[in-house]
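Q: This is what each chain is made of:
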Amino acid sequence: DSGVTQTPKHLITATGQRVTLRCSPRSGDLSVYWYQQSLDQGLQFLIQYYNGEERAKGNILERFSAQQFPDLHSELNLSSLELGDSALYFCASSPQDSPLHFGNGTRLTVT
Amino acid sequence: AQSVTQLDSQVPVFEEAPVELRCNYSSSVSVYLFWYVQYPNQGLQLLLKYLSGSTLVKGINGFEAEFNKSQTSFHLRKPSVHISDTAEYFCAVSELSGNTPLVFGKGTRLSVIA
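Going line by line, the protein sequences match chains A and B. Residue numbers 1 to 111, in the numbering used here, belong to the letters of the first sequence in order. Residue numbers 112 to 225, in the numbering used here, belong to the letters of the second sequence in order.
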């Protein structure tokens, strides 16, 4: 168990809808990262937060947004969903200068 | 910007045989290097990491990797694989400045055959 908790485990929704994925980092970890894993693109970095502030941005679409709350949990919001957004979404956390620890992911299916 | 190339998308190997999963990276700055393993329907688990010091790094489950700066490689090895090693393996790199996102390779599927 990595200590990173992601909910829900599975999500099935229709095109055009909006969903929120939630991540609770390991106790004490200030950094949260979001990754998207798909068969064709592999593991793509989306966005990083550090102690509530956006630290780095990767290949995140404008339809997607994230935030990190004062209790350090994070949410990834995906809107106007398309079939191509179907993927595994991982959250990872780390303390300063340490390897990332990943959650078990949320599998999103857009129909 | 960094990039990672995993040269083999699939590697089949017989049980108890040795295996090497290849990884090359590209970066204009010094980097940290990692190998992660992903078992079916699970998240990524850290196998080993190279931050500094000895270029031969030992990880969990009997895996080791060697950092070769001149060849910009970080190949993963195991002298004798088990059926339970069947999984997807990802090589990753991050900048030496720390607390920066990992850039992953596309993964290598290791299939161990009985």
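Don't read these hints as lab results, they were simulated from the structure. Just to be clear, a hint being listed does not mean it is correct.
Within a straight-line C-alpha distance of at most 20 Å, the following computed SDA-like cross-link-like pairs (lysine to any residue) qualify [claimed, not checked]:
(1) K217(B) - F69(A)
(2) K9(A) - G28(A)
(3) K9(A) - K160(B)
(4) K217(B) - R22(A)
(5) K180(B) - I60(A)
(6) K57(A) - T211(B)
(7) K217(B) - Q96(A)
(8) K217(B) - D29(A)
(9) K217(B) - K9(A)
(10) K9(A) - T211(B)
(11) K217(B) - S86(A)
(12) K217(B) - F45(A)
(13) K217(B) - Q41(A)
(14) K217(B) - N104(A)
(15) K160(B) - S38(A)
Q: State for each hint whether it applies.
A: Going down the list of hints, with the structure as the test:
1. K217(B) - F69(A): Roughly 31 Å between the alpha carbons, so the hint for K217(B) and F69(A) is violated.
2. K9(A) - G28(A): The hint is violated at about 23 Å.
3. K9(A) - K160(B): violated (28 Å)
4. K217(B) - R22(A): Since the Cα atoms of K217(B) and R22(A) sit roughly 25 Å apart, the hinted pair is violated (cutoff 20 Å).
5. K180(B) - I60(A): Status violated; Cα separation ~31 Å.
6. K57(A) - T211(B): holds (10 Å)
7. K217(B) - Q96(A): At roughly 26 Å apart (the allowed maximum being 20 Å), Q96(A) and K217(B) break the hint.
8. K217(B) - D29(A): The given pair, whose Cα atoms are some 27 Å apart, is violated under the 20 Å limit.
9. K217(B) - K9(A): violated (23 Å)
10. K9(A) - T211(B): violated (26 Å)
11. K217(B) - S86(A): At roughly 18 Å apart (the allowed maximum being 20 Å), S86(A) and K217(B) satisfy the hint.
12. K217(B) - F45(A): holds (13 Å)
13. K217(B) - Q41(A): holds (8 Å)
14. K217(B) - N104(A): With a Cα-Cα distance of about 18 Å, the restraint between K217(B) and N104(A) holds, given a limit of 20 Å.
15. K160(B) - S38(A): violated (24 Å)
Hint compliance for this structure: hints 1, 2, 3, 4, 5, 7, 8, 9, 10 and 15 are not met, and every other hint is.
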